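Please build the complete structure, drawing on both the sequences and the hints.
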Amino acid sequence: MAGVGSSIEAVFREERGRLLAALVRRFGDLDLAEEVASDAIEAALVHWPADGVPPNPGAWLMTTARRRAVDRLRRDRTYAARLAILQVEADRAGPAAPAGTGSSGELPDERLQLFFTCAHPALPAEDRVALTLRCLAGLTTQEVARAFLLPPATMAKRIVRAKKKIREARIPFRVPGADELPERLPGVLQVIYSVFTEGYAASTGPDLQRPDLAEEAIRLARILRRLLPGEREIAGLLGLMLLVHARHEARIGADGELVLLDDQDRSRWDRTMIEEGQGLVVAALTGGPPGLYGVQAAIAALHDEAADLATTDWPQIVALYDVLLALAPSPVIALNRAVAVAMRDGAEAGLALLDELAGEPRLRGYHPYPTARGDLLHRLGRHRAAADAYRQALGWAGTEPERAHLRRRLETCSGEGDD
Amino acid sequence: MKYMLLINSAAAESDTEPASFEEWVAYDKSVRESGVYVAGESLADLTTATTVRVNASGERTVTDGPFAETREILGGFYVIDVPDLDVALDWAARCPGARGGGSIVVRPVAEFD
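Chain order of the listed sequences is A and B. The first sequence begins at 1 in the working numbering and counts up one residue at a time. The second sequence begins at 420 in the working numbering and counts up one residue at a time.
Just so you know, the hints here were simulated from the structure itself, not pulled from any lab data. Since the structure is predicted, the reported quantities are computational estimates derived from the model, not experimental observations. We put the CB at the ideal spot given by N, CA and C, even for glycine. Be aware that a few hints might be false.
In silico lysine-lysine, DSSO-like type, Cα no more than 30 Å apart, as pairs [unchecked claim]:
no.	chain 1	residue 1	chain 2	residue 2
1	A	163	B	421
2	B	421	A	165
3	A	157	B	421
4	B	448	B	421
5	B	448	A	164
Take a look, some chain A residues computed to stay more than 12 Å from chain B by CB distance [to be verified]:
no.	residue
6	67
7	177
8	180
9	344
10	395
Have a look at this one:
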């Protein structure tokens, strides 16, 4: 019965976030919604393997969960009174029309409200990521803890704290109005991108990347794009993640070591993902001024389209970094631009730009900075200075594959005298 | 749901202009007329503040102050009754005290039932 088991698994994956969002909307309480959603899924695990998956599994889960909720409310009078008030006020506070697709029996999709609640600026940034993974991606608290290499108890405390603030400060479950959306959407995108970057380049631990997290982020962005199809920055973010993730298999060598862009086997890049990403770049950059994610996606697309490092369109990449810097000045973007300039104009030019960033407090402890300096110094034959830079990077790098890569670089430098 | 807006003005000189008296009057009027107003006061000058502490043996200590040891000074408050945090934050953002280096801390009033 493995077939039935995995199809049930797929249904839960698809329906859990939507179910939770609908329950939160109805009962105004995240804890209660989670409890009865779990109850409904447990009931499904009992019934479905025997009776088969119902034709409308989402509606089945919702009906079951709602009955459980009503049972719980009857048992707890004061809770019921409080929830009744919450519900009345939620209805009065405004509709935030559910994006139902209209076909009969289909649940309205209220996940968009949950996205904005989980990413509310009144919550600490790390709680937003945890809550989004818990509520919208449907990860268990333990899985969320594992994703961030934290003890489950710590993560549980964090999630409880976030839910308490939502409840007691009454952070609303609602989609911001058109006037607030430009202000609030970047927070939601930032949460998804944080999940992705942790998946692309784990900050600590034995593994260089965590494809599961990267894929979770892509899945969340797809949901968000379905719910807000007109927002170009969502297209940009989804495109960016696909175009970067398309290279993930080629980024790791046979022994788990880091393989840089220069040395990657480009035939191992995922062409389907690249094509989808390219389409999204077009959507992201058409019809208005470019956004941060759209421009970054365009840069990723240029890398993916090139046959090798030498024929990469470096002038256009530098130009896109200029656009990016104008949108959001940051030393990290300036660092990337400097590397692109080195590819276009030579190592000397790139190094001069890197040296301008030397005093940046935000680059302290950021190992890509000394790594890039080491690479350019190495190319210029200044091996002793390159070795110093690599040693500094080694002290800052968080994952073992990165450290191994830097040690190899360091050996290469030490073997050669200065020109 | 009731929220308290604690109006903190910046102690240090800020480079942005503080709100004018007229702006405060206009804000106060809109809070009261919109129906969200529950309570509100503006506090007298900080130099008039006095602190009382009672130690374990019940002894009372009265000291002058506190003064500007803290970076921000509580200058007044509103209590408003609105449906949720977002609405409370909207009112806080419109408060003249949020400008000129000041800030508004928004805290839900605890409900015991």
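Going down the list of hints, with the structure as the test:
no.	hint	result
1	A:163 <-> B:421	holds, 19 Å
2	B:421 <-> A:165	holds, 15 Å
3	A:157 <-> B:421	holds, 27 Å
4	B:448 <-> B:421	holds, 19 Å
5	B:448 <-> A:164	violated, 34 Å
6	67	holds, 27 Å
7	177	violated, 10 Å
8	180	violated, 8 Å
9	344	holds, 40 Å
10	395	holds, 35 Å
The earlier numbered hints that this structure contradicts are 5, 7 and 8.
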